[in-house]
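K.L.:
If you read the protein sequences in the order shown, they are chains D and E. Quick note, the first sequence lines up with residues 1 to 346 if you use the UniProt record's numbering. Quick note, the second sequence lines up with residues 1 to 346 if you use the UniProt record's numbering.
It is possible that some hints are incorrect.
Any copy will do: because identical chains look the same in the list, a pair fits if it lies in one copy or spans two.
Stated by the list, open to error - Mimicking EDC-like on lysine to aspartate or glutamate, the simulated pairs with C-alpha atoms at most 16 Å apart in a straight line are:
#1 Lys29 x Asp335
#2 Lys303 x Glu109
#3 Lys318 x Glu251
#4 Lys294 x Glu309
#5 Lys331 x Glu289
#6 Lys204 x Glu321
#7 Lys149 x Glu108
#8 Lys149 x Glu14
#9 Lys307 x Glu293
#10 Lys319 x Asp335
#11 Lys172 x Glu321
#12 Lys59 x Glu200
#13 Lys144 x Glu200
#14 Lys144 x Glu109
#15 Lys291 x Glu220
#16 Lys149 x Asp70
#17 Lys172 x Asp316
#18 Lys256 x Glu293
No lab work stands behind these hints: they were computed from the structure.
Protein chains: 2
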Amino acid sequence: MIDYTCSIPKNRYERIVLGHGGGGKLTQKLLSEIFFPAFSNQLLNQQHDGAIFDVSQGKMAYTTDSFVVDPIFFPGGNIGDLAINGTVNDLLCCGAIPRYLSAGFIIEEGFPISDLTRIIDSMSQAAATAGVTIVTGDTKVVGKGKCDKIFINTSGIGIIRSGIDISPLRAKPGDAIIISGPIGEHGICILSTRESLGFETSVKSDTASLNEMVNNVLEEIPDVHVMRDPTRGGLSSTLNEITATAHVSIELQEDKIPVNKAVSAACDLLGLDPLYVANEGLMLFILPEEKAEKALRIIRQSKHGNKAEIIGRVTDNKKAELSLRTTFGQKRIIDMVSGEQLPRIC
Amino acid sequence: MIDYTCSIPKNRYERIVLGHGGGGKLTQKLLSEIFFPAFSNQLLNQQHDGAIFDVSQGKMAYTTDSFVVDPIFFPGGNIGDLAINGTVNDLLCCGAIPRYLSAGFIIEEGFPISDLTRIIDSMSQAAATAGVTIVTGDTKVVGKGKCDKIFINTSGIGIIRSGIDISPLRAKPGDAIIISGPIGEHGICILSTRESLGFETSVKSDTASLNEMVNNVLEEIPDVHVMRDPTRGGLSSTLNEITATAHVSIELQEDKIPVNKAVSAACDLLGLDPLYVANEGLMLFILPEEKAEKALRIIRQSKHGNKAEIIGRVTDNKKAELSLRTTFGQKRIIDMVSGEQLPRIC
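Let the sequences and hints guide you as you build the complete structure.
P.N.:
Okay, structure coming up:
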């Protein structure tokens, strides 16, 4: 076995240097000292150009997401667990049991190794919680000022449960819409941690993987039509995408949409509409109305779901519009956000 | 159907703005005008949180790679086809038939849309050449100065051929080592395009997907032991990884290693050893010696393989070392590169 550690002074490694991304001894050192111990599993340990595993006949889901959140550490999580939870939840939205993840890192020269270790540890824990394995990865290092600290891409593979058919196309007039918890917490948390904005809040990111909740619902109610996690662009963008894809309209009840007081106050202060603020631990369920109460009970009994609500329904209005019935009974059209409300939220 | 184009002045879109990564109308516009037309396929068009497809029982390979090459356009290719070819070749190295790719983009605010279009078109063509489909993707935009133009992550899934078992662990004493072409072209090409270095060369990047070559070899010789593409860190790093993983030694014959004159000259000028310079269109084959001549013939008849050579063999030396028998008959130990010889080469 080659000793990759020889002749390299130890104190160079308090920070990432370009050589950590060079594919040579330093890359091997980073892998063997930080990545492999944290993510250790039989497939990753093959040290092949890719992971190789058995699959059974059936349907598979495949997804990818890059994470560029700023700041990288925030109340409730960091870029590492966010990168795991985000991809896990995207697989859940496909009706899949999340199984294998890839992780691609782009790291800025000079990035503290201690911060990298914290991030990797969070990823390892989040993966264990979600029951997924990080089986293949890649690390690149770019010069100082050529990226902002660290960017992480995760892709993921999941196995679709037999008898499950989740798709935005299946949203049907009469369907009920459930949100699994109060909206806007991740976005407000991230904004509050940006020093220049000068406001403070107790709001934590809601980042979480929602396997248990989704499993519980699908076991009892396999005929869920659509699941989506309303992340970037918030509830409004996700529901607008669904109305456009499925050619249906959706009407929400303003007084049913759960928003915590602190989020509401921060939105007032910043002139934001919580419908457009990002979430990282919420799931939208669209399903036949007659199953909605049962689903709501199951979601509320699940971790991360105790504040779930039925917030609206799919209508047969042909305009493919998302609207809000306000507390005063008026109807307001909720458009998709046009520009960028909150940059680098995930 | 919602009209995402309304009320947004057309001339804003000569360059990427933060809103293109916001998950709202501008993101949809970017997807519908640039990404979907180029990558159009049934799975991507599902517009789900992930792609869903059927799989048969068997073995699957899964890999990921981030591309941060600087410059993004270079003779012979650009960051787009590089990102496709790199991941395709990694799947081939696992003995897999490459099938589905993901693509994750991180783009700097202000990046010209015309450059993005060129890159996407190259990706589309490279994917078609390699017989893979881009089935899921993600786009993030970061502020000016927060990344260097564009970074691309691709991950990929392939189906392992039945009866094929490719693994670095299978390198065995007596095996022959074949390289599919002359080394160092990608690395020297990239260096030559960096203005500050002040030298010019006619060397083009060798970036290419090697499906045809690998297919031809495996069809006739299923008992190939190891395949690897010697990219970052060059031939020496890849072979050093194999000696360390398989606990075998490898001896190369200096006079057998193909190096084109222009690469040789550039390496002399820059004080580089071509053994450490990156390649993006080469494949290493390690296989039983008695099959080597046949494999060489097949490789030379394949596209991108006409300059292939048998360059060395695996020995039973227990030190797990990579050595070079020089033209003068001396033995030189070839160590893994320590620091970063060529930053941002891929």
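K.L.:
Determine for every hint whether it applies to the structure shown.
P.N.:
Against the structure, the hints come out as follows:
| no. | hint | in the structure |
| --- | --- | --- |
| 1 | Lys29 x Asp335 | between (50 Å within a copy, 15 Å between copies) |
| 2 | Lys303 x Glu109 | neither (39 Å within a copy, 38 Å between copies) |
| 3 | Lys318 x Glu251 | within (12 Å within a copy, 71 Å between copies) |
| 4 | Lys294 x Glu309 | within (12 Å within a copy, 67 Å between copies) |
| 5 | Lys331 x Glu289 | neither (21 Å within a copy, 77 Å between copies) |
| 6 | Lys204 x Glu321 | neither (32 Å within a copy, 52 Å between copies) |
| 7 | Lys149 x Glu108 | both (5 Å within a copy, 14 Å between copies) |
| 8 | Lys149 x Glu14 | within (15 Å within a copy, 28 Å between copies) |
| 9 | Lys307 x Glu293 | within (14 Å within a copy, 69 Å between copies) |
| 10 | Lys319 x Asp335 | within (12 Å within a copy, 66 Å between copies) |
| 11 | Lys172 x Glu321 | within (14 Å within a copy, 64 Å between copies) |
| 12 | Lys59 x Glu200 | neither (46 Å within a copy, 51 Å between copies) |
| 13 | Lys144 x Glu200 | neither (30 Å within a copy, 27 Å between copies) |
| 14 | Lys144 x Glu109 | within (5 Å within a copy, 18 Å between copies) |
| 15 | Lys291 x Glu220 | within (10 Å within a copy, 57 Å between copies) |
| 16 | Lys149 x Asp70 | within (9 Å within a copy, 18 Å between copies) |
| 17 | Lys172 x Asp316 | within (8 Å within a copy, 67 Å between copies) |
| 18 | Lys256 x Glu293 | within (14 Å within a copy, 73 Å between copies) |
Figure legend: structure checked against the earlier numbered hints; hints not met, in rising order: 2, 5, 6, 12 and 13.
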